[in-house]
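Each chain, written out:
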Amino acid sequence: MMGLVILAMLALVTLGLLAALRVRGGTLTLTAAALAIGCAGYALQGSPGLGGRPNRTAARSPPVPLTAARKAMMGQFTAADTWTTISESYARRGKSEDAVGIMRSAIRARPGDYALWVGLGNALADHSRTVSPAARFAFARADELAPNHPAPRFFLGLALARSGEPDQALALWREVLAEAPADASWRPFVEDGVAALSADARRR
Amino acid sequence: MIAEAGLAGLWLAAALAAVQLGLALGLGGSEGRRIASIRAVAVGQGALSLFAFAALLALFLRTDLSVLLVAENSHADKPWLDKLAGTWGNHEGSMLLWVTVLASCGTVVALFERRLGERTLVLSLAAQAALALGFFAFLLAASNPFERLSPAPLEGRGLNPLLQDPGLAFHPPTLYLGYVGLSVAFSLAVGALVTREVGPALARAMRPWVVGAWILLTLGITAGSYRAYYELGQGGWWFWDPVENASLMPWLAATALLHSLNVLVARGGLRAWTMMLALIAFSMSMTGTFLVRSGMLTSAHAFAVDPTRGGFILALLALYIGAALTLFALRIATVREGAPFEIVSREGALVANNLLLSAILGIVFVGTLYPLVAEAATGEKLSVGPLYFNAVAGPVALALAALMLVGPQLRWRRDRVAIIARLAPGALVALGALVATVLLAPSIDLLPRLGLAIGVGLVPASLMPLVGRSLRRTPLATWGMCLAHLGVAVAIIGMASDSAFTREKLASAVPGERLEVGPWLVEFRDVVPLAGPNWTALEAELRASRGGGVTILKPQSRSFTEPPTTTSEAAIETDWNGQLYAVLGEQDAGTGRWLVRLWWKPFVTLIWLGGMLTALGGALALAGRWWRARATRRRFEEAEW
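Protein chains in written order, with the working numbering: chain L, 125 to 328; chain U, 8 to 648.
One chain only, chain U, in its complex shape:
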């Protein structure tokens, strides 16, 4: 009965989305009570969506095999965390999570947004309801997560073993919260474009959503990168897989948006550009959804292989993005200009930042979609891989990082005096690092060399905005900015270091043999079989020593029965200056030798540490602004009394 309750909840939530849209467009309801009614309906819609999603969670936890989705994607023997994660480890469940977050975001906006004019708010809620209605329709018409099976099978087919990992429990929901959080920026932009109320008040309303979504996207991408690193057993942390790119594109747009929002809040400038970015950021989220859900991509993440679903999402995409861009084209000429500024100013640097981020976004977008378009047009299968992305996006990303040495040091409006003094620490450290890499590591490539130099230079440059201030009185938002930029610096150092200094050893070995990789001596001691909850495995025992230190690594080759799949579980030893990464391959039946792959990856952990610092910086900025807004509101209320 849980499945029926879930489906009933979904239908009723869709009905309330239609009511919300109708009320917001003025179809029914009295004028004076419209906003109150819309708020109530939005609460009902959010509650029913959460109810439907909770029903699906319960079905997966109980392994209710009378539900097609559960039978196809779960198994009674799976650990409970994998059963839970299985709820969104498939097409229909992930789309239900998507629409639940969308409806919940609409509820939060309806309940708590008080900064906007009523008309803008009502129209924003209309846009949010229209988005939700489209995705409800998609779920109910083409992707029903509660479809039943009668008679129910005796056992389920299990979940793709690559997805049976604790990371799946956290990484997709985090990303989804980020993707769909951007829908609020989209809806607010639509509302403001209709009413022409594009200004600092709108930017203040939009900023927490954009920063929140950006934090979650940063965390989701960082977690996804680490998960791919240890789960795929290939030693890589970013593969330029189209599904990875689908998460990177909204992040790039959101990064540009949150910077341009700062200009709009502080100086009232970049109005048209900010609106365009708000529309683009969520459009990229929807494009990512289309890429993953259309079945056009082959990936561990790409669940749907159904052209009907792809066509449905493509139609939604065309409708929403097309309508929003048309509205933008019709309205933007009538939006008031912001305050002027000079090129050498904080605004100028932020414009350059936006241009470079948009250029990277364009490069990734073209590289991701080109093979699909080419195949549709010519029938020829093409692959665009790391060679293109690294060669084209890498230099632009480095230019963006170099801009970070300068931008945060500049003042608003214009800056001529004493720039050199503020730029000197970062620039000198970068130059020193460049010279050091030339002397100590003359053979590394240009891109990682420049990455190392700029990354090291960015460390002091990121902290320069704190110099000369009273640290106790420095706003939390400024601390957040510094920390976020420091995180980017740390991540760049990690990426460049991994690219420049990684050592790899691929060997065919028998127990007792010794292998060398980087500073490590690794003894291949034995292979033993073992069992886990729903798998059996062969586990190697590797004794790794460096100087006086000894550690044991146990990489596994796991075999799952439901569905029959073999995965590599890498063994990773983390040291202060890098990671030793080991993978056990297959045994050669003739010689009895085992395939063993070893990597020594200096400072690779900085990539994910940097990602976390960046997200933490965003969280500090968000908390600081929230705290300040609350204090201002209190002071205002006390003054009124």
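Chain L on its own, in the form it takes in the complex:
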């Protein structure tokens, strides 16, 4: 009922202001009557008991932990791994724009490193919460740099799955799985992904 209290205070302050400006007698009575009608209008239309709900920053779901799959596919203790780890730490703290900036800086220094382009694609997809043309471009550039490598297609598939395109993701992952050596360390990640999306497709 806080709204009614605010209304009453506003009406009283207004009347006080008018009295201070030397509105007197019948005019003040007329004004009070009009303000009372205004109060009635508010009472009919307002929601005096409803509180506000300020939303200062959008609630971001934390990014999917990609580290294990990334290291299995693209190796660790490399320059790309270092940059991507820093970028992911920013993304985890909700600073997804900075995470993209870090990957762009790394790419300016090593433009031919496909792993950095995969990291940029992941950072862009996380920032926009969809596979935007910019993210798709980054994955495509990675694929151009390492045409037969599974990582660009796998992570593009992951981004597609996260942004509500499971069928496209499943098609990509099946393709990757078909080409995967039986003893590849990253093969279980792809198998798990295909199984999960296939089950999801059956439910749908």
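No lab work stands behind these hints, which were simulated from the structure alone. Wrong hints could be hidden among the right ones.
Examples of chain U residues lying across from chain L (beta carbon under 8 Å, computed) [to be verified]:
1) ALA10
2) LEU30
3) VAL50
4) ARG69
5) THR70
6) SER157
7) PRO536
8) LEU537
Anything over 12 Å on all C-beta distances counts as not near chain L; from chain U, calculated [to be verified]:
9) ASP248
10) LEU323
11) PRO347
12) GLY401
13) VAL413
14) LEU417
15) TRP419
16) ARG429
17) LEU483
18) GLU580
19) ARG604
20) GLU645
If you anchor each label on the Cβ, the simulated ranges turn out as follows [unchecked claim]:
21) ASP316(L) to TRP87(U): 39 to 47 Å
22) PRO86(U) to ARG146(L): 45 to 53 Å
23) PRO178(L) to LEU389(U): 45 to 53 Å
24) ALA233(L) to ASN397(U): 50 to 58 Å
25) THR581(U) to ARG232(L): 25 to 33 Å
26) PRO178(L) to THR481(U): 52 to 60 Å
27) ASN272(L) to LEU88(U): 41 to 49 Å
28) SER309(L) to LEU513(U): 48 to 56 Å
Beta carbons: idealized from backbone N, C-alpha and C, even for Gly.
Starting from the known structure of chain L, arrange chain U on it as the hints suggest.
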């Protein structure tokens, strides 16, 4: 609770508007204290309106999703300036801004206007209160900006990305101040028509409002034109979009009005015509509001798609304009005639200026409303575009510009002696420019050729009123007039030059390819992805060279998620003699080639420079008159002591 406080403030402000109207019409209050009471109530109404608008600003800055308007038009991830601008980047918020400015203008008139007779002032304040009351009713009944949502959504839907631009923070409020500033001219005209006190005193009271509104409209239209130029990525600066026309129409009427007001102040003439223009100018503002808010137009600016709202505004429009024109018809025969003048005189030129401006206004009005009327009558969708407007309004606008070569050189009442000497510089320069364009650029069209000639001729002609004067003693208002006319000349040169000399290149290119446009050689180097606060983008790197100079342009194709939209962010390189304008389009999935559009636009910046000079001229004139009035008042007070 902020939303509830805002709504409460809005209801109480509406109540005070009704009280102000009632008091001004003599319903209650003692006769001797009426004006004091009306002033106090007007102050209360303005304060409560500002309070309601401040509440809406706070709701947008906090992204309070329990408010429907915020949930539909904002998002927590937006930069704060876009959140702020989002307050008026929608139907309800912009209408609240409209009514807040209306109420605030009424407050300023009530507090500071001392030149008019009390009865005229009281009736003017009645008219202002009636306008405010109608728009308060519209807000509360059909467009409540504080409508609540329960439960509140987790996230908002975001703002149209085309409107997510720093320009939105300044362009609409400037235009609104201009539109609604004209309401004071309307109300003063209504008051004066009732009391029949149409004369120089009324014109002096009206002039600062009209000039102020005109300055803001000029700035708003100039800013809007530049915003459309860089934001839409089409290389155009005026599209004859109905919403652009909705801002142009009040500006044309206000331009005519401020010129005719000068005749009324200086010579007591053009009384009926000035009153008609005062009514028409604000009527055009309301018509523009109707066009934008009715949902009849499809545009980035057209927010409401609700026939109830359109019907409500149409009813208000019919009521206010109909009543004002009826009053004009009933009263104008009894308004005293002004002083006579000859055709070859400053008054004669100003009458011609008014006729030509009114003709352009009529052309734009018909072109804007005809498709709507035709669709309503026949169901057939029509489009009236630049072909009509340029072909019909262009020659009349050029005739008006040619008149500017002559008008400012003429004296009041009559002018026969030595006109030729004063006209010669402008006319000779215009003729020289015409010959030069024929020799140097024989292939350009007639309209831009004449525009260039007249625009160049107007430069010396605009400054001629300063020749032979002591520049230190020349009134600031005269400087203002010269500067405003010079601004028009500069803008005409820019428009004509853009129309005559623009070069365009549309190419499908891959990185490494080179393109030529005008004097520039542009190398398409690469495309890189990047991210902004609430968008991701693909950005091209273009290396442009001309002579020894090299510059890098970075046009972007941006993708917004909330709501999902793609926009083109043009890259613009400004040089002393024009702009190189680049847009990145989509990539062809098959060939991998990118669509790249390039324009070389010689002297295009003069269009906006001219607009700013024109507004600055208006501001100088306003300041000069204010300064002079203050000095006169002081001298008068000292003489009384």
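Here's how the hints hold up against the structure:
Interface hint status for ALA10(U): upheld, as the beta-carbon distance to the closest one in chain L is roughly 6 Å, under 8 Å. Look at LEU30(U): its Cβ gets to within about 7 Å of chain L, closer than 8 Å, so that hint holds up. With a least beta-carbon distance of about 7 Å to chain L, the hint placing VAL50(U) at the interface is held under the 8 Å criterion. The restraint placing ARG69(U) at the interface with chain L holds, with a minimum CB-CB distance near 4 Å, inside the 8 Å limit.
A distance limit of 8 Å between C-beta atoms decides the matter here; for THR70(U) the minimum to chain L is near 5 Å, and the interface restraint holds. Interface restraint check for SER157(U): the shortest CB-CB distance to chain L comes to about 6 Å, inside 8 Å, so the restraint holds. Interface hint at PRO536(U): satisfied, since its Cβ lies 4 Å from the closest Cβ of chain L, which is below the 8 Å cut-off. Taken as an interface hint, LEU537(U) checks out: its beta carbon lies about 6 Å from the nearest beta carbon of chain L, inside 8 Å.
Against the 12 Å criterion, ASP248(U) stays outside the reach of chain L, whose nearest CB is about 28 Å from its own CB. Annotated as non-interface, LEU323(U) keeps its C-beta farther than 12 Å from every C-beta of chain L; the closest such distance is 19 Å. The Cβ of PRO347(U) sits about 47 Å from the closest Cβ of chain L, beyond the 12 Å cut-off, so the non-interface label holds. With 12 Å as the threshold on Cβ separation, the claim that GLY401(U) sits away from chain L holds: the shortest Cβ distance comes to roughly 40 Å.
For VAL413(U), the non-interface assignment is confirmed: its Cβ lies about 52 Å from the closest Cβ of chain L, beyond the 12 Å cut-off. At roughly 49 Å from the closest C-beta of chain L, the C-beta of LEU417(U) stays outside 12 Å, upholding its exclusion from the interface. Once the 12 Å rule is applied to beta carbons, TRP419(U) is consistent with being away from chain L; the minimum gap is 44 Å. With a least CB separation of 54 Å from chain L, ARG429(U) remains clear of the 12 Å interface cut-off, as annotated.
Residue-level check passed: LEU483(U) sits 35 Å from the nearest beta carbon of chain L, beyond 12 Å. For GLU580(U), the shortest C-beta to C-beta distance to chain L comes to about 23 Å, beyond the 12 Å cut-off, and the non-interface label holds. Under the 12 Å C-beta cut-off, the non-interface status given to ARG604(U) relative to chain L holds; the minimum distance is some 18 Å. The beta carbon of GLU645(U) is kept farther than 12 Å from every beta carbon of chain L, the shortest such distance being approximately 30 Å.
The hinted window of 39 to 47 Å between ASP316(L) and TRP87(U) holds, with their beta carbons roughly 42 Å apart. A C-beta distance of roughly 46 Å is found between PRO86(U) and ARG146(L), which places it inside the suggested range of 45 to 53 Å. The hinted range of 45 to 53 Å is satisfied by PRO178(L) and LEU389(U), whose Cβ atoms lie roughly 47 Å apart. Between ALA233(L) and ASN397(U) the beta carbons are some 52 Å apart, a value that agrees with the proposed interval 50 to 58 Å.
The beta-carbon spacing between THR581(U) and ARG232(L), approximately 27 Å, falls within the hinted interval of 25 to 33 Å. Under the hint 52 to 60 Å, the C-beta atoms of PRO178(L) and THR481(U), about 56 Å apart, fit the expected range. Look at ASN272(L) against LEU88(U): about 47 Å separates their beta carbons, and that is inside 41 to 49 Å. Between SER309(L) and LEU513(U) the beta carbons are some 50 Å apart, a value that agrees with the proposed interval 48 to 56 Å.
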